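Student: Each protein sequence line maps, in turn, to chains A and B. Each residue of the first sequence is one higher than the last, beginning at 0 in numbering that gives the first Met the number 0. Each residue of the second sequence is one higher than the last, beginning at 0 in numbering that gives the first Met the number 0.
Just so you know, these hints were derived from the structure itself, not from any lab. Fair warning: this is a prediction, and the values are worked out from it, not measured in the lab. A portion of the hints provided could be inaccurate.
Where chain B lies over chain A, by a calculated footprint (3+ residues, C-beta under 8 Å) [stated by the list, open to error]:
#: 1; stretch: 51 to 64
#: 2; stretch: 162 to 175
Calculated lysine to any residue pairs in the SDA-like style (CA-CA distance at most 25 Å, straight line) [said to hold, decoys possible]:
#: 3; chain 1: A; residue 1: LYS54; chain 2: B; residue 2: ARG100
#: 4; chain 1: A; residue 1: LYS54; chain 2: A; residue 2: PRO37
#: 5; chain 1: A; residue 1: LYS7; chain 2: B; residue 2: ALA64
#: 6; chain 1: A; residue 1: LYS129; chain 2: A; residue 2: PRO37
To give an idea of the chain B side of the interface with chain A (calculated C-beta under 10 Å), a few residues [what the hints assert, rightly or not]:
#: 7; residue: GLU15
#: 8; residue: VAL30
#: 9; residue: ARG102
Heads up, the beta-carbon is just placed ideally off N, CA and C, and yes, glycines get one too.
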Amino acid sequence: MDPHLLRKLNRERRARRAVLHLTELEGGRDRVIREGDPVAGALGEAVAAAFRSGKSGVAEVEGRSFFLNIHLPPPKIVIIGAVHISQTLAGMAESTGFAVTIVDPRSAFATAERFSGVDLVAEWPEDVLKLRPLDSYTALVAVTHDPKIDDHPLAEALRAGCFYVGALGSRKTHARRVERLTALGIDAADIARISAPIGLDIGAANPPEIAVAILADIIRSLRRRPLREDAP
Amino acid sequence: MEGIADDDLDPLSIAERWMDDGRMVAIATVVDTWGSAPRPAGSHLVVDENGNFHGSVSGGCVEGAVIGEAMEVIGTGEPRMLDFGVVDETAWRVGLSCGGRIRVYVERLG
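Looking at chain A on its own, in the form it has when it is part of the complex (with noise of 0.2 Å):
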């Protein structure tokens, strides 16, 4: 391995940018591809695949040997708003493999007692997100029902690309929501982007219920999301 390609991949891990690391087996030829970089062929397709579903593994193409070892940052979800569905979600999204952090600035929702060893901090999101910025491989949910806390992360999160970003609310909720983002000059096809109502439609009667669809959704975007072709 070339020590500059070391260098480099381990570069882009520690800024959070996905990144494969391409090895030719026969010879050792090797190359470090940023998500997005443009890869021809059916070569191509297999690093596009790999940077979907984050599994490493070798490919043959064309009567080549070629491993793929892909470096996704790890997944995170930023919850705003330490409610009943927070809990619930908290819980099964660490299961499966994300880090969660509760913001809510309210301090009678975000108490140690109801998120016993989750991250949680009981802060603006404004004075929060500064410090921890997001990024396209975190997702948003704002689940307080409440403007003055939920609308700026969710500006943020559109701003930073994050491959997930839903708010609760009906539709006409989120019609008034809309029209506040839309005044703070983002865009409308960054505003179509919110999931929302929350969550993939399965009929959920209660905030656990909720919280199933919400993650599933979070899933699907995970696994299903655009690739990046503008990364820097």
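Since the structure of chain A is provided, determine the placement of chain B on it from the hints.
Tutor: Below, chain B without anything else, positioned relative to chain A:
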């Protein structure tokens, strides 16, 4: 990354640190698994010229053999593909007790 203990770093970060310290390094990578292999494809074990190592390619079953091969790869610079399974009677020595099979690619850094 000064001040971070080796234990807090993953194998590829360790490899970079060892390289910066002027050590010769080999990287072993699980490229294929069959059956109940304990570590998935993409897992790394890094080894220096003195046999210091970090990471794993199995549950500890074949690391000893991989480290020996890695030190030879550091010497020759020629990458190798290693195949481990429980297919013969020497399996108790360098095989996978879990019944799986793995292929491990070993290459020198630089």
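Student: The structure should be examined with respect to each hint, and the outcome stated for every one.
Tutor: Hints, verified against the model:
Taking a C-beta to C-beta cut-off of 8 Å, the stretch 51 to 64 of chain A contributes 4 residues in contact with chain B, enough for the three needed, and the coverage statement holds. Interface restraint, the stretch 162 to 175 of chain A with chain B: violated (0 residues with C-beta to C-beta distance below 8 Å; minimum three). Restraint check: the Cα-Cα separation between LYS54(A) and ARG100(B) comes to about 18 Å, which is no more than 25 Å; the hinted pair holds. Straight-line distance between C-alpha atoms of LYS54(A) and PRO37(A) comes to about 19 Å, which keeps the hinted pair within the 25 Å bound.
Only pairs whose Cα atoms come within 25 Å are accepted, and LYS7(A) paired with ALA64(B) is rejected, the gap being roughly 30 Å. The straight-line distance between the Cα atoms of LYS129(A) and PRO37(A) is roughly 33 Å, outside the 25 Å bound, and the hint therefore fails. For GLU15(B), the suggested interface contact is upheld, since its CB lies about 5 Å from the closest CB of chain A, less than 10 Å. Checking VAL30(B) against chain A: minimum C-beta separation of about 5 Å stays under 10 Å; hint holds.
With its C-beta approaching chain A no nearer than about 8 Å, ARG102(B) sits inside the 10 Å limit, and its interface hint holds.
In summary, the numbered hints that this structure violates are 2, 5, 6.
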